[in-house]
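Undergrad: In case you want the letters, here they are:
2 protein chains.
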Amino acid sequence: MSDILNADRRKLMQLLALGAALGGAGLPGSEALAADAPPPGAPRPKVAMLVHPRMVLLDLIGPATVLNICQCEIHYVWKEVGPIAADLMPIASTTSFVNCPKDLDVLFVPGGIMGTIACMNDPEVLNFLADRGSRAKFVTSVCTGSLVLGAAGLLRGYKATSNWTVTDILPIMGAIYTPGRVITDRNRITGAAVTAGLDFGLTLAARLRDEHTAKRVQLLIEYAPEPPFDAGTPERAGPELVREIKSGRVGMEAMAHKAAQDAALRFSKA
Amino acid sequence: MSDILNADRRKLMQLLALGAALGGAGLPGSEALAADAPPPGAPRPKVAMLVHPRMVLLDLIGPATVLNICQCEIHYVWKEVGPIAADLMPIASTTSFVNCPKDLDVLFVPGGIMGTIACMNDPEVLNFLADRGSRAKFVTSVCTGSLVLGAAGLLRGYKATSNWTVTDILPIMGAIYTPGRVITDRNRITGAAVTAGLDFGLTLAARLRDEHTAKRVQLLIEYAPEPPFDAGTPERAGPELVREIKSGRVGMEAMAHKAAQDAALRFSKA
Numbered sequence: 520m521s522d523i524l525n526a527d528r529r530k531l532m533q534l535l536a537l538g539a540a541l542g543g544a545g546l547p548g549s550e551a552l553a554a555d556a557p558p559p560g561a562p563r564p565k566v567a568m569l570v571h572p573r574m575v576l577l578d579l580i581g582p583a584t585v586l587n588i589c590q591c592e593i594h595y596v597w598k599e600v601g602p603i604a605a606d607l608m609p610i611a612s613t614t615s616f617v618n619c620p621k622d623l624d625v626l627f628v629p630g631g632i633m634g635t636i637a638c639m640n641d642p643e644v645l646n647f648l649a650d651r652g653s654r655a656k657f658v659t660s661v662c663t664g665s666l667v668l669g670a671a672g673l674l675r676g677y678k679a680t681s682n683w684t685v686t687d688i689l690p691i692m693g694a695i696y697t698p699g700r701v702i703t704d705r706n707r708i709t710g711a712a713v714t715a716g717l718d719f720g721l722t723l724a725a726r727l728r729d730e731h732t733a734k735r736v737q738l739l740i741e742y743a744p745e746p747p748f749d750a751g752t753p754e755r756a757g758p759e760l761v762r763e764i765k766s767g768r769v770g771m772e773a774m775a776h777k778a779a780q781d782a783a784l785r786f787s788k789a
Numbered sequence: 520m521s522d523i524l525n526a527d528r529r530k531l532m533q534l535l536a537l538g539a540a541l542g543g544a545g546l547p548g549s550e551a552l553a554a555d556a557p558p559p560g561a562p563r564p565k566v567a568m569l570v571h572p573r574m575v576l577l578d579l580i581g582p583a584t585v586l587n588i589c590q591c592e593i594h595y596v597w598k599e600v601g602p603i604a605a606d607l608m609p610i611a612s613t614t615s616f617v618n619c620p621k622d623l624d625v626l627f628v629p630g631g632i633m634g635t636i637a638c639m640n641d642p643e644v645l646n647f648l649a650d651r652g653s654r655a656k657f658v659t660s661v662c663t664g665s666l667v668l669g670a671a672g673l674l675r676g677y678k679a680t681s682n683w684t685v686t687d688i689l690p691i692m693g694a695i696y697t698p699g700r701v702i703t704d705r706n707r708i709t710g711a712a713v714t715a716g717l718d719f720g721l722t723l724a725a726r727l728r729d730e731h732t733a734k735r736v737q738l739l740i741e742y743a744p745e746p747p748f749d750a751g752t753p754e755r756a757g758p759e760l761v762r763e764i765k766s767g768r769v770g771m772e773a774m775a776h777k778a779a780q781d782a783a784l785r786f787s788k789a
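Same order as they appear, the protein sequences are chains B and W. Going by this note's numbering, the first sequence opens with residue 520, and the numbers climb by one from there. Going by this note's numbering, the second sequence opens with residue 520, and the numbers climb by one from there.
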């Protein structure tokens, strides 16, 4: 990190110390992409999205963009309100576990490798998710977030998917791994890795609102993808790229397996 | 906004006032998705990504995720270092215009409707972009970000695209509007709206690094999109949805037209 960057970082800390201009949640949907959204006829769906240290921000921002346009009341939840070191930049949780609405329309968990493993081993996180998940209308995740739902006991007997590198860990916790971009089983909706958050978000929008609204959102965010390459799944990418990625994750995968086995042990004792 | 949410917001302000735990930029790529990235052989590409009030966070987070995995040195730049009210949540700029590296590999501008219009009318923003853009290896945008590049004079004589609702504004500022998801003309690379940031990011990754690296990133973020609906372009969505969205934007589009005409007037006087 350059000296200039460090000087900027110090200045950032000073500015944040003034608390200047920083509100809690972001702009209401009407201020941003959803300026053209019709006034909702129904009450705003209550959504709690877990934000945790080392999370992958894109796992969250894809679905959150869709749900924000759908005029949801979004709570970014963590143990306490405060800064969260995500992969790209710090963000802030807006609602503590204690203050999170008890009855949610949507409970959502993003992924994030080491952050996921920490959550899988954290009773405070798991107890919060198990409680809200027991009543939420939809219990959902993107990427390795499903491993956290699994460790909280919320996927036992449910079909689910996850990041392609860790799908073998789901069954340890009683989930039925099911290949697919977005897997819906009753009120559980889980997405594959990172970018599946967009497909997940639109799928959820249609369930929360209706198909017309979901299509309007799709047009607003111009979601007509044209990947410049065809390497988005292990099958299409081929064995060399798969090996490159998997070889760097041996330690991480061992830790995730251990966390899943510990969860299974807890279930058997309960 | 509920009382509980307001209480949480006050607590957030207090916590941020302590500056607790908040660093400048996020985790290095090696801590997040790119744990498996090979050590780069080349120097880290220097990337400046504009962050501005009322920006659409997803415009930024898609490309930033790709570039972070590619081990780029990412500066989130604004006039000063400090909090920025994006559409979903506050984020923080990490580098001021003054301290931004003079010679960049990538200059990037995200979109954000009213935020875009404010930038199109802001000499400080336009002067910064014109200066860095005159030397940057790649001058890039997603969504309405191309209108800001245009107002800075950086698209005169270049093929470019933008959010589908405002593509008619590009030619006012001398750009050659060209339909497409990602349009490359010499060192200008512009993407369509919001979600085109992923296609743009992978396109840029291949130019900055190589195709193998771009494909590895694509596999890491499992970018094999399966939109649940087929409404991602005006043509596919049909006239009813287009009318719904356009009808809410008449005032905004008039302001963007005016800002573009003012820019054209500046060019003619220069």
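Certain hints may be false.
Repeated chains share a single entry, so a pair holds when one copy, or any two copies, can fit it.
What the hints assert, rightly or not - The list that follows gives simulated cross-link-like pairs (lysine to any residue, SDA-like), each with its CA atoms no further than 25 Å apart:
hint : residue 1 : residue 2
1    : K765      : S653
2    : K765      : E730
3    : K621      : K777
4    : K765      : P620
5    : K656      : A725
No lab work stands behind these hints, which were simulated from the structure alone.
Undergrad: The structure should be examined with respect to each hint, and the outcome stated for every one.
TA: Okay, the hints, checked on the actual structure:
For the homomeric pair K765 and S653, neither the shortest alpha-carbon distance inside one copy (34 Å) nor that between copies (41 Å) is at most 25 Å. For the homomeric pair K765 and E730, the shortest alpha-carbon distance between copies (19 Å) is at most 25 Å, but the shortest distance inside one copy (38 Å) is not. When the C-alpha separation of K621 and K777 is checked against a cutoff of 25 Å, the pair qualifies neither within a copy, at 31 Å, nor between copies, at 48 Å. In this assembly of identical chains, the alpha carbons of K765 and P620 never lie at most 25 Å apart, being 39 Å within a copy and 35 Å across copies at closest.
Taking identical chains as interchangeable, the C-alpha atoms of K656 and A725 lie at most 25 Å apart only when both belong to the same chain, with a minimum of 14 Å there against 42 Å between chains.
The structure fails to meet hints 1, 3, 4 from the earlier list, while all remaining hints are met.
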